[in-house]
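A.B. asks: Guided by the hints, dock chain B with the ligand onto chain A, whose structure is given.
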Amino acid sequence: MGKTLFDKIYDAHVVHTQEGFPEVIYINTHYIHEVTSPQAFDGLRKRNLPVFRTNKTRATADHNVPTKDQHLPIKEALSRLQVEMLTKNTSEFGVELYGLGHQYQGIVHVIGPELGITLPGMTIVCGDSHTSTHGAFGCIAFGIGTSEVEMVMATQCILQYRPKKMKIEINGKLGKGVTSKDIILYIITQISAAGANGYAVEFAGDTIRGLSMEARMTICNMSIEMGGRCGMIAPDQITFDYIQGREFAPKGADWDKALAYWKTLYSDADASFDKVYSFKAEDIEPWITYGTNPGMGIGITGSMPSLASIIDADKTSFKKSLDYMDLHPGDQLLGKKIDYVFIGSCTNSRIEDLRLVADFVKDKRKADDVEVWIIPGSKQVEKQAIAEGLDVIFKNAGFDLREPGCSACLGMNEDKVPAGKYCVSTSNRNFEGRQGPGARTFLASPLTAAAAAVTGKIADVRILL
Amino acid sequence: MSDKNIKKTISTLISGVVPVNIDNIDTDQIIPARFLKATTREGFGENLFCDWKKNADGSLKADFPLNEPKYKGHRILVAGNNFGCGSSREHAAWSIVDYGFDVVVSSFFADIFKNNALNNGLLPVQVSPAFLKKIFDLVQTDANATLTVDLEAQSIKITATGETENFEINPYKKMCLLKGFDDIDYLLSLKPQIETYEKQREFNF
Ligand code: SF4
Chain A
1 MGKTLFDKIY
11 DAHVVHTQEG
21 FPEVIYINTH
31 YIHEVTSPQA
41 FDGLRKRNLP
51 VFRTNKTRAT
61 ADHNVPTKDQ
71 HLPIKEALSR
81 LQVEMLTKNT
91 SEFGVELYGL
101 GHQYQGIVHV
111 IGPELGITLP
121 GMTIVCGDSH
131 TSTHGAFGCI
141 AFGIGTSEVE
151 MVMATQCILQ
161 YRPKKMKIEI
171 NGKLGKGVTS
181 KDIILYIITQ
191 ISAAGANGYA
201 VEFAGDTIRG
211 LSMEARMTIC
221 NMSIEMGGRC
231 GMIAPDQITF
241 DYIQGREFAP
251 KGADWDKALA
261 YWKTLYSDAD
271 ASFDKVYSFK
281 AEDIEPWITY
291 GTNPGMGIGI
301 TGSMPSLASI
311 IDADKTSFKK
321 SLDYMDLHPG
331 DQLLGKKIDY
341 VFIGSCTNSR
351 IEDLRLVADF
361 VKDKRKADDV
371 EVWIIPGSKQ
381 VEKQAIAEGL
391 DVIFKNAGFD
401 LREPGCSACL
411 GMNEDKVPAG
421 KYCVSTSNRN
431 FEGRQGPGAR
441 TFLASPLTAA
451 AAAVTGKIAD
461 VRILL
Chain B
1 MSDKNIKKTI
11 STLISGVVPV
21 NIDNIDTDQI
31 IPARFLKATT
41 REGFGENLFC
51 DWKKNADGSL
61 KADFPLNEPK
71 YKGHRILVAG
81 NNFGCGSSRE
91 HAAWSIVDYG
101 FDVVVSSFFA
111 DIFKNNALNN
121 GLLPVQVSPA
131 FLKKIFDLVQ
141 TDANATLTVD
151 LEAQSIKITA
161 TGETENFEIN
171 PYKKMCLLKG
181 FDDIDYLLSL
191 KPQIETYEKQ
201 REFNF
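Those protein sequences? They're chains A and B, same order as listed. Letter by letter, the first sequence follows residues 1 to 465 in the working numbering. Letter by letter, the second sequence follows residues 1 to 205 in the working numbering.
So that you can see chain A by itself, here it is in the shape it has in the complex:
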């Protein structure tokens, strides 16, 4: 019987197995950032241990950093301390840091791929749940806790049990104005926020094959929002073309050797999955969430479920969620007035996202009473956007183009949506208070967000294209 893509990579990384113990899995790349690493470095110090393989860990500062005046000292004392701590820890332990002011700084899941550090066939971990993003390159990538960050720094290994495997196929042609963000929001609505709990998910089908690397990353990014252990897509020519020539990608003979290996990374035709879903691209319209978990979504022209349609066991949670959002079951969202638009986060802050938005808002202006933040995923994305003149388009549209970081995706820095305000956001989580205490989030694609910015309302971008 054939093997799945997941099993091919997993099997190649088993260092040790022992009856009654989890498997010891080797990790190729470990990304760290300022929020989930200080306690891990502390742990190493207490144990008197070095970082075992310093060249396999890379650090950046992203969660906590301001997105204005990054050249000045960070104003907020605790944020400053955490970022300084990262600088101190990485220099003491000999780990490469792309900190504030560095040309490679940015959101950890944006910089890894753009620097050619993330490669097919790798095992990748990071103390951040959206590590699943990197799976778009055909690697096993997942989020870990701080105890595990310490574990990987100490031994370059992690303890694992093999998860079940799920395949999600999407076939067909996407409609106008429908993007990869709509695909993943649609899938999560169909299978629920817990639908992939315990599974490693592979996305397949001709719709996926037709997507760019940026678009594939958006999909894998949100596999954690349906509970998936990781999300992955088999590498192909689009993957190889993206990687070739990037800063840390293999070169020359190494490239040829790597490429030959990468071409073996796919699920065999007779590989078996524990669960398979199949969706049609034609069924997907621009998608938007209305509730407080990413599984609570509807098509942009659809209506929220009525209370009567919700099963009894879920009624309390459903009501609590809609009360928080101050929305009424059964209503449409179309035409709903909004206050903020956030375009950014590791889901949608890559150059392609910014280009898509710029293309749409060219010669348009934001609605007067809407505040629009656009946060590039990295210094390199920012530089590229400026080189292409996108900054001018955003400025003319009244968008506030800021500096790279996680920003209002999780509201750890100053970029917070005020209590009670509505924000159309290209990020990945609509949890209560995620964008600031009391903030109300609608998750959507960059195009839908741009349409909201321009109209001041939740709008169907397809009629504006």
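By construction, these hints were calculated from the structure, which means they are not laboratory data. Model, not experiment: these values are computed from the prediction. Idealized CB from N, CA, C, for every residue including glycine. Possibly wrong hints are sitting among the right ones.
[As the list claims (entries may be wrong)] Short, incomplete list of chain B residues facing chain A, as computed with Cβ under 8 angstroms:
| # | residue |
| --- | --- |
| 1 | D23 |
| 2 | D26 |
| 3 | A33 |
| 4 | D51 |
| 5 | N82 |
| 6 | G86 |
| 7 | S87 |
| 8 | L151 |
| 9 | A153 |
| 10 | N166 |
| 11 | F167 |
| 12 | P171 |
| 13 | L190 |
| 14 | I194 |
| 15 | Y197 |
C.D. replies: Positioned in the frame of chain A, the structure of chain B with the ligand alone reads:
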């Protein structure tokens, strides 16, 4: 054995519960992101469920279970389905431990949270939806009702009625909790195997 931060050993615990009957409690509710700025593991308990526990002016909401005097000192947190979904922040587990809980009961736990809990001596006990409902109903009528959690026997019992359910725990993690066995010590003991692997693997990027 190396110096561990806040790990402790649980075998049997008899305690009252604090019921938070809400499904899909995500880690942003357990500990909002703005409290993740500390660089040590201690002190997170104060901000456990902060946005549910406190009003905007910082005063305590009287009707949130954590604030109700009748549940004070109880060391078992009982929550709705799919507890701990969302971010990988271990701070969620730290805050629950730091607040004074030893056990969390739910009908389902998110993957990463479960791991993080076990790595911090916090026992996640997964029960059937029916048993979970029984616990919530029981606490409604008797705030001081206790549960007996026995890690060795992998059982959870409503102490007064004797109704018991068994729960799953991975045997390795069970041993870690009972014997204070440590993941990193285990991996360090395998260093020769790790180095051999590194040499043998052709595509060790
Ligand atoms: S952008 Fe948001 S989801 Fe992504 S790493 Fe930062 S905080 Fe996490």
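A.B. asks: What are the numbers of the hints the structure violates, in ascending order?
C.D. replies: Going through the list in order, the structure violates hints 8, 9, 10, 11 and respects the others.
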